[in-house]
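Undergrad: One letter stands for each residue in the lines below.
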Amino acid sequence: MFKRILLAVDGSEHSIRSARYAIELANKFEGTTDIIYVVDGKTAKEDVLHSTNKLEIEKKREEKLKPILDMLDKSDMDYNTNVLHGDPGPEIVEFANEKSYDCVVIGSRGLNDLQSFILGSVSHKVAKRVNCPVLIVK
Amino acid sequence: MNILKIQQEWFGNVKGDILSGIVVALALIPEAIAFSIIAGVDPMVGLYASFSIALVIAFVGGRPGMISGATGAMALLMVNLVAEHGLQYLLAATILTGIIQILFGILKLARMMKFVPRSVMIGFVNALAIMIFTSQLQHFVGETWIMYALVALTLAIIYLLPRFTKAIPSTLVAIVVVTAIVIIGNINVGTVGDMGIITQQLPVFLIPDIPLTMETLLIILPYSFSLAIVGLVESLLTANIVDDMTDTESNKNKESRGQGIANIVTGFFGGMGGCAMIGQSVINVKSGGSGRLSSLVAGVVLMSMIIILGEVVVQIPMAALAGVMIMVSISTFDWSSLKNLVKIPKTDSAVMLTTIIIVLATHNLAIGVLAGVLLSAIFFAAKISKVKVTEGQVVQNQKKTYRIEGQLFFASVSDLPSKFYFGDTITEVEIDLTQAHLWDDSAIGALDKIEAKFAQNNINVNYIGLNEESKQLKKRIGGISNAAGH
Numbered sequence: 001m002f003k004r005i006l007l008a009v010d011g012s013e014h015s016i017r018s019a020r021y022a023i024e025l026a027n028k029f030e031g032t033t034d035i036i037y038v039v040d041g042k043t044a045k046e047d048v049l050h051s052t053n054k055l056e057i058e059k060k061r062e063e064k065l066k067p068i069l070d071m072l073d074k075s076d077m078d079y080n081t082n083v084l085h086g087d088p089g090p091e092i093v094e095f096a097n098e099k100s101y102d103c104v105v106i107g108s109r110g111l112n113d114l115q116s117f118i119l120g121s122v123s124h125k126v127a128k129r130v131n132c133p134v135l136i137v138k
Numbered sequence: 001m002n003i004l005k006i007q008q009e010w011f012g013n014v015k016g017d018i019l020s021g022i023v024v025a026l027a028l029i030p031e032a033i034a035f036s037i038i039a040g041v042d043p044m045v046g047l048y049a050s051f052s053i054a055l056v057i058a059f060v061g062g063r064p065g066m067i068s069g070a071t072g073a074m075a076l077l078m079v080n081l082v083a084e085h086g087l088q089y090l091l092a093a094t095i096l097t098g099i100i101q102i103l104f105g106i107l108k109l110a111r112m113m114k115f116v117p118r119s120v121m122i123g124f125v126n127a128l129a130i131m132i133f134t135s136q137l138q139h140f141v142g143e144t145w146i147m148y149a150l151v152a153l154t155l156a157i158i159y160l161l162p163r164f165t166k167a168i169p170s171t172l173v174a175i176v177v178v179t180a181i182v183i184i185g186n187i188n189v190g191t192v193g194d195m196g197i198i199t200q201q202l203p204v205f206l207i208p209d210i211p212l213t214m215e216t217l218l219i220i221l222p223y224s225f226s227l228a229i230v231g232l233v234e235s236l237l238t239a240n241i242v243d244d245m246t247d248t249e250s251n252k253n254k255e256s257r258g259q260g261i262a263n264i265v266t267g268f269f270g271g272m273g274g275c276a277m278i279g280q281s282v283i284n285v286k287s288g289g290s291g292r293l294s295s296l297v298a299g300v301v302l303m304s305m306i307i308i309l310g311e312v313v314v315q316i317p318m319a320a321l322a323g324v325m326i327m328v329s330i331s332t333f334d335w336s337s338l339k340n341l342v343k344i345p346k347t348d349s350a351v352m353l354t355t356i357i358i359v360l361a362t363h364n365l366a367i368g369v370l371a372g373v374l375l376s377a378i379f380f381a382a383k384i385s386k387v388k389v390t391e392g393q394v395v396q397n398q399k400k401t402y403r404i405e406g407q408l409f410f411a412s413v414s415d416l417p418s419k420f421y422f423g424d425t426i427t428e429v430e431i432d433l434t435q436a437h438l439w440d441d442s443a444i445g446a447l448d449k450i451e452a453k454f455a456q457n458n459i460n461v462n463y464i465g466l467n468e469e470s471k472q473l474k475k476r477i478g479g480i481s482n483a484a485g486h
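Protein sequence lines, in the order shown, are assigned to chains A and B. The first sequence runs 1 to 138 under our numbering. The second sequence runs 1 to 486 under our numbering.
None of these hints come from the bench; they were simulated from the model. Computed from a predicted structure; not experimentally measured. A few of these clues could be false.
[To be verified] If the Cβ cut is set under 8 Å, some of the chain B residues that face chain A in the computed set are: (1) 9; (2) 13; (3) 161; (4) 163; (5) 241; (6) 245; (7) 247; (8) 278.
[Claimed, not checked] The list that follows gives simulated cross-link-like pairs (lysine-lysine, DSBU-like), each with its CA atoms no further than 30 Å apart: (9) 64/A to 346/B; (10) 343/B to 59/A; (11) 64/A to 254/B; (12) 286/B to 346/B; (13) 54/A to 114/B; (14) 343/B to 386/B; (15) 254/B to 59/A.
Even glycine gets a Cβ: it sits at the ideal position worked out from N, Cα and C.
The shape of chain A in the complex, shown without the other chains:
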């Protein structure tokens, strides 16, 4: 049922927590997990500003995802890592629908009403527009 799982991450605590659920789910159904990390314009600007060259930017992003990649390495599961650029919500939706995953697992930042009004909730957007079931991990 959940053979191909897409795990959307941003390197935050929430995404590490959601990685645990994704791996467990994939194990249960003997499936695979793919990771998607979307770098938005603001993050791209910050990463470029704080690094001297391209290699350093790549290294920094890898480090951000390292706890999650370590968990996947331990689980002996096949996985791919996709680093994309753009608006996280739409990018995740497009990627998930195009490659027809069975389930998208995503962490929720746990914003309050005011924060989600101003910042917007990526997990809501994904849940609304992705064709497959979505697991939002709080």
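Given chain A's structure and the hints, the job is docking chain B onto it.
TA: For chain B alone, coordinates are given in the frame of chain A:
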């Protein structure tokens, strides 16, 4: 360059480029006007600049998809020149800026950007943000609560509208709404019209009306030099950001030349100097733009809007523009650097803060960058000038080995001789340089001095473990050749 690549850069993304170009043009208008007001010139000077730079860069830039125009960083550098000498000198300085930038491009100075450390770049954007913010404070002096309310409304629309639609830039909607409120409510507040004239016509070719003398050159040269440096620093930073966002490469030297050409053309067409814009470039890429066409469309739409809507533009209240500038300053500031201030090495924080303080004190981003680079060079020299000398045991009452570790150069060798003990009753000293590197004649000089002091006590000095480069240097300068090779 082959035809296929040109075709790809121009027509590889026609629909995306046209749409994003329109979005960028709409977002550019308020900024171009506000930056003109910062520089102290008529709004048309900034609008002509954004039009002509966007247009020229579309053809000669090295980074397709990047947006250039009149910018805050450049405007802030011009304030004194305009105040003391007027617009014509600014136009001449803009042309000279372009010439200097082309020279930088020919000399391939884009490579030099790697000598500008991160902490200086972070200091640069933070100082820029602070200066854009403080430049707006003058518009609040002696104003009523209405002004504050309008600024607050502008900011509210800018930050909340994207939650509902991203089709139209929220800055434009904010400007339109606030302008409409002021016109309909017949509210008496300062407007763009109070700051200068909007002429509804295309820019024309003009040679700046200045005396072509040495004196003129000496007036504009320092400004042009600062403008050239700041323009390239911001343009190359922006190019790196667009590279990352689009996952493509760009030609930095071509971009330097392109910025130069754009500034020369702009100076002749009555525009102020400009460079690449981080915010607008991010908007462009986010809106789907990635090709040269996007910059061309942005320039053409911007100019068409001004020609059609000039009468409305003069009625934009200053409060709305101040709101837009506050947003620009908030998004320019690198907020993560505050969080990192305690985490990163102390020297990095010191360089960043020094860059900011010097910019704020001199009102000149170029001086801040140079001072920051210099300070980080000194910190670097201090860091690598730590030399360790380990003293070995005396062997058979006549031979002793010293091991030197580190980089031997002018800054590191001054107290090197004091790390040796010359009073041993031995006949031979061996200096192991396996872990050391000789860089300059000061290093050779220091070794000479040590050798001479040992010689006074009839101790012979031998060197071992010299690496090839150090050997070459020693041979060339030759001071200690008598001891080498034994």
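Undergrad: Which numbered conditions among the earlier hints are violated in the structure presented, ordered from lowest to highest?
TA: 1, 2, 3, 11 and 12
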